[in-house]
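Visitor: Whenever a hint applies, use it, and build me the whole structure from the sequences.
For the sequence shown, position 512 matches number 512 in my numbering, and the numbering has no gaps at all.
Honestly, the hints are just simulated from the structure, not real lab data.
Check the hints yourself; a few may be wrong.
Taking lysine-lysine and the PhoX-like style, the derived pairs with C-alpha atoms no more than 20 angstroms apart in a straight line are [to be verified]:
#1 Lys-547 with Lys-536
#2 Lys-290 with Lys-325
#3 Lys-554 with Lys-543
#4 Lys-554 with Lys-539
#5 Lys-408 with Lys-362
#6 Lys-408 with Lys-100
#7 Lys-362 with Lys-372
#8 Lys-290 with Lys-65
#9 Lys-408 with Lys-372
#10 Lys-366 with Lys-408
#11 Lys-325 with Lys-285
Simulated restraints, written as ranges between beta carbons of each label pair [what the hints assert, rightly or not]:
#12 Gln-279 with Leu-9: 57 to 67 angstroms
#13 Gly-288 with Arg-19: 51 to 61 angstroms
#14 Gly-529 with Ala-581: 23 to 33 angstroms
#15 Ala-581 with Trp-467: 13 to 23 angstroms
#16 Gly-142 with Ile-38: 22 to 32 angstroms
These numbers were taken from a predicted model, which means no experiment stands behind them.
We put the beta carbon where it would ideally sit given N, CA and C, even for glycine.
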Amino acid sequence: YKWAQNRLLRFDWEEILGRRDDATLKATAALLHRSSLIPQQGDSLLDSLDENAHRHAFAVSEDLKYALREAIELLGNEAARQLIALAREQKKGIFSGGEKLDAGELTLECLRYMYRLLFLFYIEARPDLKYVPTQSEAYRRGYSLESLRDLELVRLTSEEARNGYFLHASLQQLFRLIHEGYRGMATQQELGDESESDAIHYSFAIAPLDSHLFDPHYTPLLNRVRFRNETLQRVIRLMSLTREGSKRRGRVSYAQLGINQLGAVYEALLSYRGFFADQDLYEVKKAGDKFDELGTGYFVPAPAPALESYSEDERVYTHDEHGRKTLRLYPKGAFIYRLAGRDRQKSASYYTPEVLTRTLVKYALKELLADKSADEILALTVCEPAMGSAAFLNEAVNQLAEAYLARKQAELNTRIPHQDYTRELQQVKMYIADRNVFGVDLNPVAVELAEVSLWLNAIHGGNQVPWFGYQLFCGNSLIGARRQVYDSHLLDKRGKGNAWFDTAPVRIDPRQPERQPQQVYHFLLPDPGMANYTDKVAKALRKEQIKAISDWRKQFCRPFSPDDIETLQFYSQKIDELWAAHSR
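Guide: Okay, structure coming up:
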């Protein structure tokens, strides 16, 4: 079926005929009919089904964006409620002073919590990757997220059921198993009273995942919170079922979602921020626009008379289970997680569609791989200077792994059996991801997301999971932050040829890390080439603005005063301290 990718559609005739089911036989006949396999015109049915599967995955990923945003709000509000109550018991101020609850930190921790669930949803839906022991009955029934997923629609009829902590305790135990790993206890077979098959069912092992994601030290606020069953059931339901709408809700199949779709879900929300309502707030929207929870949020303070200047079309309503509509109101202290103003532009959080990443990587590698042997492919280094959720890194890993296997098979004049191909491919992907991949992003949350994305793409078996701490970094790759310096005497020079920008900076040898006190890092200084608009068309279109920029540049690059130079030396000293802290 997909010969180049070593993929096929297999028909189990014993199972098909043994069912004695007309619908199964009709589906088989339709798939194998000549018009489905080799139509006289147009694409084959199998190609159409494959394409529709990708479209469905995209639609589901869009649903998950809404689910994730709401889930983070649910967790944030529940956590804030409990943390405020705890602070009052201890007579501490939660809205001011040293104990002030930071909405930004709470947002980050709720994101991490949801990343954990995403990781588990996906990894449990892919038993072929063999990371979590889904074949073990003990794990499946006693610890797995899938077992909790079965409770998503169970009605919580009593106060004890709604306000209990069974789901919270179960998830905390599962997070601990993933973070610390589990080697398993003595099997019943080893104790001499069970068969081999029973031993498999009742024992399991999990390789530890050494990362910020499951490390409890990175969720200090949530460590003090116990989420109620009612809240976590709602969160699991949101992440398990497609969005409510005109179509019937279905269960999300994480096995059918690609890493790119999952990355798109989370990267879309990196530019969102959480904040507490400092007073009662009504939500409004632009007239004529359809209200979209993923769009920019606009709020006006209560009471209701404040809405008098807004038309009916600008007001936002919610509908209860009986269809009654009320104005969308956030009470004072509510945790709100929304896109605000120009957050998306300022954070540069834009997701690249899968078709574009695949095409760009394909043609970037085409010439590079033209004369490479299989082993030479494994020596290539990949760096993404603005990686986001690692969409390009994952695509590069995938294509390099496939190219390696194709060339290795050709060099050895052999072919990997179909049943072994996926395992071999995952091993090569993990090798490349662990040794050859590097990335940088300005957003620290994106770095954690990239770690998760690379794991999910390359993880296999019970092998030790790699640590990407020396490969993925948070930083600004647009600044040429080489360790190069200028001597301070160049900063107050006047006249052509005497200024710092007329000479080349001096490189500090990594083996001699000491910077001299009078030296200043080059990236702290301006340059005449910055904002230098010379295009005639641009000048003609914006004469006044271009002149203002030109006047600004003249002042921007003027010689520094002694106080300015002292400040630059102080900043350089602080940079040295950070350099020493991160290069140990």
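Visitor: All hints, please: hold or fail.
Guide: Results of checking the hints against the structure:
1. Lys-547 with Lys-536: holds (13 angstroms)
2. Lys-290 with Lys-325: holds (16 angstroms)
3. Lys-554 with Lys-543: Cα-Cα ~17 angstroms, so holds.
4. Lys-554 with Lys-539: holds (17 angstroms)
5. Lys-408 with Lys-362: holds (19 angstroms)
6. Lys-408 with Lys-100: violated (59 angstroms)
7. Lys-362 with Lys-372: holds (15 angstroms)
8. Lys-290 with Lys-65: holds (17 angstroms)
9. Lys-408 with Lys-372: Holds - the C-alpha atoms of Lys-372 and Lys-408 are around 11 angstroms apart, at most 20 angstroms.
10. Lys-366 with Lys-408: holds (17 angstroms)
11. Lys-325 with Lys-285: holds (16 angstroms)
12. Gln-279 with Leu-9: 57 to 67 angstroms: Given range 57 to 67 angstroms: holds, Cβ gap about 59 angstroms.
13. Gly-288 with Arg-19: 51 to 61 angstroms: At roughly 54 angstroms between Cβ atoms, Arg-19 and Gly-288 fall inside 51 to 61 angstroms, so the hint holds.
14. Gly-529 with Ala-581: 23 to 33 angstroms: holds (32 angstroms)
15. Ala-581 with Trp-467: 13 to 23 angstroms: Holds, at about 19 angstroms.
16. Gly-142 with Ile-38: 22 to 32 angstroms: violated (50 angstroms)
The structure fails to meet hints 6, 16 from the earlier list, while all remaining hints are met.
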